[in-house]
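Line by line, the protein sequences give chains A and B.
Here this note's numbering is used: the first sequence runs in plain steps of one and ends on residue 247.
Here this note's numbering is used: the second sequence runs in plain steps of one and ends on residue 494.
No lab work stands behind these hints, which were simulated from the structure alone.
Don't take each hint at face value.
Only pairs whose alpha carbons sit at most 30 Å apart, straight line, appear in this in silico BS3-like list of lysine-lysine [claimed, not checked]: (1) B:K472 / A:K90; (2) A:K12 / A:K196; (3) A:K226 / B:K337; (4) B:K413 / A:K234; (5) A:K12 / A:K166; (6) A:K20 / B:K263; (7) B:K413 / A:K225; (8) B:K443 / A:K90; (9) B:K394 / A:K241.
2 protein chains.
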Amino acid sequence: MDILSQHRTIRKFTDKSVSKEILDSLITSSIRASTSGNMQLYSLILTQNSDVKDKLVPLHFNQPVALSAPVLITVCADFNRFSLWCLNNKANPGYDNFLSFLTTSIDALLVAQNLCIAAENIGLGICYLGTSTYNADEIINVLQMPKLTFPITTIAIGWPDEIPLKTDRLPIEAVIHSEVYHDYSASAINEFYAMKENLESSKKFVEENHKQHLSQVFTDVRYSKKDNEFFSEKILQTLRKQGFLNE
Amino acid sequence: MDILSQHRTIRKFTDKSVSKEILDSLITSSIRASTSGNMQLYSLILTQNSDVKDKLVPLHFNQPVALSAPVLITVCADFNRFSLWCLNNKANPGYDNFLSFLTTSIDALLVAQNLCIAAENIGLGICYLGTSTYNADEIINVLQMPKLTFPITTIAIGWPDEIPLKTDRLPIEAVIHSEVYHDYSASAINEFYAMKENLESSKKFVEENHKQHLSQVFTDVRYSKKDNEFFSEKILQTLRKQGFLNE
Chain A
1 MDILSQHRTI RKFTDKSVSK EILDSLITSS IRASTSGNMQ LYSLILTQNS
51 DVKDKLVPLH FNQPVALSAP VLITVCADFN RFSLWCLNNK ANPGYDNFLS
101 FLTTSIDALL VAQNLCIAAE NIGLGICYLG TSTYNADEII NVLQMPKLTF
151 PITTIAIGWP DEIPLKTDRL PIEAVIHSEV YHDYSASAIN EFYAMKENLE
201 SSKKFVEENH KQHLSQVFTD VRYSKKDNEF FSEKILQTLR KQGFLNE
Chain B
248 MDILSQHRTI RKFTDKSVSK EILDSLITSS IRASTSGNMQ LYSLILTQNS
298 DVKDKLVPLH FNQPVALSAP VLITVCADFN RFSLWCLNNK ANPGYDNFLS
348 FLTTSIDALL VAQNLCIAAE NIGLGICYLG TSTYNADEII NVLQMPKLTF
398 PITTIAIGWP DEIPLKTDRL PIEAVIHSEV YHDYSASAIN EFYAMKENLE
448 SSKKFVEENH KQHLSQVFTD VRYSKKDNEF FSEKILQTLR KQGFLNE
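Using the sequences and the accompanying hints, generate a full structural model.
Here you go:
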């Protein structure tokens, strides 16, 4: 499908704003996504005002794309609205638990991806900010999010000011398993990752980071065990605070 | 966007199979989705063989759609493949933690939604099986999934044998927040859910379940606190077993 195949992440946007009409139209399309029991367990917080944006951007580690985008959409897992509906009608909501967190996160991410496709379909560019989970606690404070909500991802949206090359992907055989999971032999791993390892950009990346192999750039620099463990603990505390791990 | 707006979940499929060529083409499109650090942290397990399907269907609570679909695609969060690549190259992967579980789940769900859109674009029908997380432990056993993988969702795919009506959605104002989260007053909740409550199908649902209000069908019958807590504990144990909560 052409619109999917042409996807590239955009990290540089023009100054042009994205109108309310366009945003409403994208959101109208996006909420047609499948949703658990048709409960629609998500909220979209649209940040365009520079006061709020100035507080959000550092929480996304000052990524230039967060600064450049005219709109940041914080995609929230949200069991708050549904629970309020229950409480208002003498029903007893039981959504302060981990299953409910997963269910609402799934709902939210399907909408997020629909939104991105709808945006790209009219020429807008998007970039996911995976940093949302890392600093969820602080994002929750800035965006005044109540219990039973969580910022599962953020989408930076705007009109592209660049046309980057498409990034590499593994051969589809690397991600497909027939009938059951077939674990990977060392030679299969070597074969599947060979193209990625041999890209000029990968070689440059290894050199710049003074590493021996591309995988070490990931484990030692970009996504280290130490950082992952630090942020894991932080996120679990935030989930507890947001009421999703009431034991 | 038309293809998004026309979405309806399909629960009844014809006997016609979905060819390998079509599945490969859908997957080729779907893996263009954004992925954290281009790590592609997902696997797709395609089940078509009746032996495996017969074991999976009960784990999806024998939903007729799971039985009727010619293909079940178990969408797996997968940090196993990437970690093997690291280990094969003298890098030290540190992905046995909760942040990594979230990152890989996000990656997997964006691909899942792309796959659904690509499928619908050529006339196939899809249904998400949210039951995947409920019985993740048993699904992992049947599909022989290794540590650092988790079945975050399942997509039932096939050629539609029904054209159901589009289901209702809340007005977009219910899910959009400007700048920061604006919590809901009781009157806003009443207004946003009024249309849903007044649908004939909702009224019938309330009556059949001998309840006073639609929300009570959710809290008392479909997604009860007791069930949610039972499955939450089960899922957390599974995440521990899969190596995603190494404390």
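Which hint numbers does the structure go against, in order from smallest to largest?
4, 6 and 7
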